[in-house]
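J.: One letter stands for each residue in the lines below.
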Amino acid sequence: GESVGLHLPTLSVQEGDNSIINCAYSNSASDYFIWYKQESGKGPQFIIDIRSNMDKRQGQRVTVLLNKTVKHLSLQIAATQPGDSAVYFCAVWVYSGNTPLVFGKGTRLSVIA
Amino acid sequence: DVKVTQSSRYLVKRTGEKVFLECVQDMDHENMFWYRQDPGLGLRLIYFSYDVKMKEKGDIPEGYSVSREKKERFSLILESASTNQTSMYLCAISDRDLYEQYFGPGTRLTVT
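Taken in order, these protein sequences are the chains called F and R.
Counting from 1 along the first sequence, just add 513 to a position and that's the residue number in the working numbering.
Counting from 1 along the second sequence, just add 355 to a position and that's the residue number in the working numbering.
These aren't lab readings, by the way, just hints derived from the structure by calculation.
From the three backbone atoms N, C-alpha and C, an ideal C-beta is built for every residue, glycine too.
Partial list, computed: chain F residues near chain R (C-beta under 10 Å):
id : residue
1  : Gln-551
2  : Lys-555
3  : Phe-616
4  : Gly-617
Turn these sequences into a full structure, and let the hints steer you where they fit.
T.: Here you go:
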């Protein structure tokens, strides 16, 4: 099976600083990784994804890094803004038939103005 | 834009009542999922369905059942609601593959 853990349940950063949210997974056969953002009162929203054949992918102000050697995934947010305050989840998928995503428990990011 | 709607944003029910939560999608996606979300426990999969009339148990199916009679609609049923089923319930959909899930806004259910 697969289990997904996050290193920190909460993270506070100063507005304008960079944020790094970490995630660890257990199954070396994991094939696909997603980061979601969940704002208060809303469902999770897709931010960025990465496949296992990559080690870095960049979006707008966000970068996902994948280290398969240590089974570690991180989300970096550049120049963090108040609108980035939310809970961030990583999710991992293993290609093995009808197995859906496995989610981590989430890190709550608070941006200090 | 992907659209996943859930029948209610907030719901209050009494212990022992039968509760229906509905999820409707307009994307013609194959797969639909029901999760519950609780503080400190993250997202836990209750049931999912990869086709009409098909269902698979997730991690915590006890106390729940589901129905998928039409492709666009996936219902979660609490046969006899209990206070420990007070939670946020999230519906999600995905296309042929089981990743890239898109979520609805959630239903916050309180059972008193």
